[in-house]
Amino acid sequence: MSELFAKKLLEDVVRMTSEAKTSHVGGCLSCLDIISVLFTEVINIDKKNPNSKNRDRFILSKGHTAAIIYSALANKGFFSRKWLSTFIQDGTKLPGHIDHKVPGVEFSTGSLGHGLSVGLGMALSMRYNNIKSNVYVLVSDGEMNTGSTWEAIMFAAHHKVDNLICIVDKNKIQSFGETKDIINLDPLYEKWETYGWNTYDIDGHNHSEIKKAFIDSKKYSKKPSVIICNTIKGKGIKDFEGRLISHYRPPSEDQLNDILKGI
Amino acid sequence: MVSKSFGRILLEDVVRMTNVSQTSHVGGCLSCLDIVNVLFNNVINIDSKKPKSKNRDRFILSKGHTSAVIYSALANKGFFPVKWLRTFFENGTKLPGHIDHKVPGVEFSTGSLGHGLSVGLGMAMSMRNKKIKSKVYVLLSDGEMNSGSTVEAIMFAGHHKINNLICIVDKNQFQALGKTDDIINLNPLSKKWESFGWNAYDIDGHNTSEIKTALLSAKKNSQKPSVLVCNTVKGKGLKDFEGRLMSHYRPPSDDQLNDFMEGLELIR
Amino acid sequence: MRNSFVENLVKYASKKKNVYLLTGDLGFSVLEPFIKKNPKNFFNMGVAEQNMMGVSSGLALEGNKVFTYSISNFATSRCHEQIRNDICYHDLDVTVVAVGGGLPYGTHGYTHHGIEDITITRCLPNMTVYVPADRLELEFCFNKIIKNTSPKYLRLAKGGEPDLYKKKISASGNVICHKKLSEINILSCGSILVEAIDCCDFYKEKGINVGLFSCPIISEETKPEIKKLLSKGKTFITLEEHKKIGGFGSYVSEISVSLEEPARVISCGVLSDGYDLVGNQKYLRSLHGIDKEGLVKVINKLLK
Ligand SMILES: [Mg+2]
Ligand SMILES: [Mg+2]
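For the protein sequence lines, the chains are U, C and R, in the order given. Count the first sequence with the numbering used here and you get residues 1 to 263, in order. Count the second sequence with the numbering used here and you get residues 1 to 268, in order. Count the third sequence with the numbering used here and you get residues 1 to 304, in order.
Take the hints with a grain of salt, since some may be wrong.
Stretch-level coverage of chain U by chain R, calculated; a stretch enters the list once three of its residues show a Cβ under 8 Å from a Cβ in chain R [to be verified]:
{"hint": "1", "region": "111 to 124"}
{"hint": "2", "region": "142 to 154"}
{"hint": "3", "region": "169 to 178"}
Quick caveat, the hints were computed from the structure, so don't treat them as lab data. We put the CB at the ideal spot given by N, CA and C, even for glycine.
With the hints as constraints, model all of the structure from the sequences given.
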């Protein structure tokens, strides 16, 4: 199921960024498999009941990769797929950074380092109100530079906010270059553990590994969980894979056609 | 008459200053008093005659609310008249409650927590580029470990191996609303610093020889920035205040001051 | 405009050893000329703006001239207290450079709309705010920035702004006269000047003179010049790509109310209603009534 969904996402995301001639396709593609698994097999959300008290909450903290979430939500029926072709057009409902006015989107982001704190707040309230669902927050590896992210990490660990699940899209690139050259975070796994989180270190393109980590982290109590997903920026577009330009350059028409043909 | 030790002078000044002005934060002054004693007496290279000398060591008090202990240290090092200490907190004083750069010898004003390490880091980066061999010392509270900005500085300094930066954490186990263990547990603190590429020392922050040894060793480390995690007692030296949150707020009473001074006479 | 900034900076740094550039992980394909020539004086601070401002302060205290680079909200809102306490209170030689001032990132959503930055920077002690309209105004500002050793905020738009001047600006003060004082005048701040020029040209063709002054520098020092204009008993329209609350229009109004006979000031800026509308810069300017057509509407009303 998640594989099929992944294909839809891939097609949408490449088309949206190519047609709008806009950036950030690389970071959409690195988290594409994570989103596929999350939205098909893990997260409990319902377009008919989008504000249901018992829904799972999902926050995209790396708000610049809005396209993939818009696609996921449209494919889940939260709004018409037609909207996708209005992405970042004048007067659109779908701005370049994710926006809470879009049906199904919990929170607007776009400045890095905000999402985990917000998810933490939601999770605290849900725990207090005995709501059994989880909060999923997807952060980029670049956001690990940001102090506010660590503020949330420290607080969540101290209070054992175990309904909070953070996913790091570790695509090894941030907007000016490779994370290891800017502020080396490795071993990232150890840092989260030292800070008191239940930690997974997985291949972020392997659906069964992703699924397993999600299921396991949902069950885990006593600590918040983090799933560090090792991914490839621009995954799926050959010339973009593992390259910084995938953060900026929109896919060309040829690249779009290749993707469409592949499907 | 035997002359008083530097540490003893700091103690008397701090207790008297907070008593006379009836102000708070004596607890955090006392917890870092032995550190400041060693630092200003034995380690740091500063000269009241050349306060802006290029080759001086730099010291930043990031926990700016404990200014009294630094004002005392600087006055007694000759940076300004000791009698200024009596004006602490008064209207129109030169010595505001939070440390201020307009006071001779003070490098930087703080008072909002979580600023000092970044500033010290910037100084250290410039000094390294200019091949100035001195060090930058930044004294942090354990409460400041909650601040993301502190973590940002830790990550950056570790990544760039800013080895002329020495951070000292006054781990007195209290912050403004309670115990650090209860608010945001920091442990294992040294391990956290190490995981970001720092050289860490975990020491007794009231043992002057341990402090001195660690500081001298940190000065020699040429690979990494160093941190001294100093385990201290808030309010140390004032019996009713030791290890108690109220030492963050309550000024020493006249009785306490008198008892304290008498006690000091006995132990010289 | 951001490329011109880097050109100016590279030129300046070639004569000085103490110029530092820090970035909050932004400026790909913009900052490289500086990095190439001054690798030791460049740091990518990562996505960590609070630390960036603290580090700038430390560098400046050591006698350096520091420039920080980011997108407007990240450069100002996120680390406001570090700018306030560390840079401004210590009166340090740091220039906070922001791209995306106004609505050039209009399609990116509200998080990227730089429309409150002037308000929150101009109120800080020792601060001067520079808002150039194009490449030559940038140069005009930059020449003042290198002489100013106090805190500065340099608000850039993005890139590809049209040139609005034919030659190097020679104004003696901080205010640049485009069209001499008339009954109705526009005081413009930033790259939105292009709309004001179009508007004045439109009226000129009809034989109506509308005065136009560009004010790229918001500071105490500029106040007397603006005061002088305002005391002439005419009508002034302030124009900015920024919220009306606390921005350039407020600055001019504050000066006006200090006069014995306040001038009539009409403020045109980003509306509080619809602050979050999404679209490209041109589209948003029109929605907020700060493009040529919007100005014409305001002036036609005045002419009636
Ligand atoms: Mg990344
Ligand atoms: Mg403490």
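Which numbered conditions among the earlier hints are violated in the structure presented, ordered from lowest to highest? none
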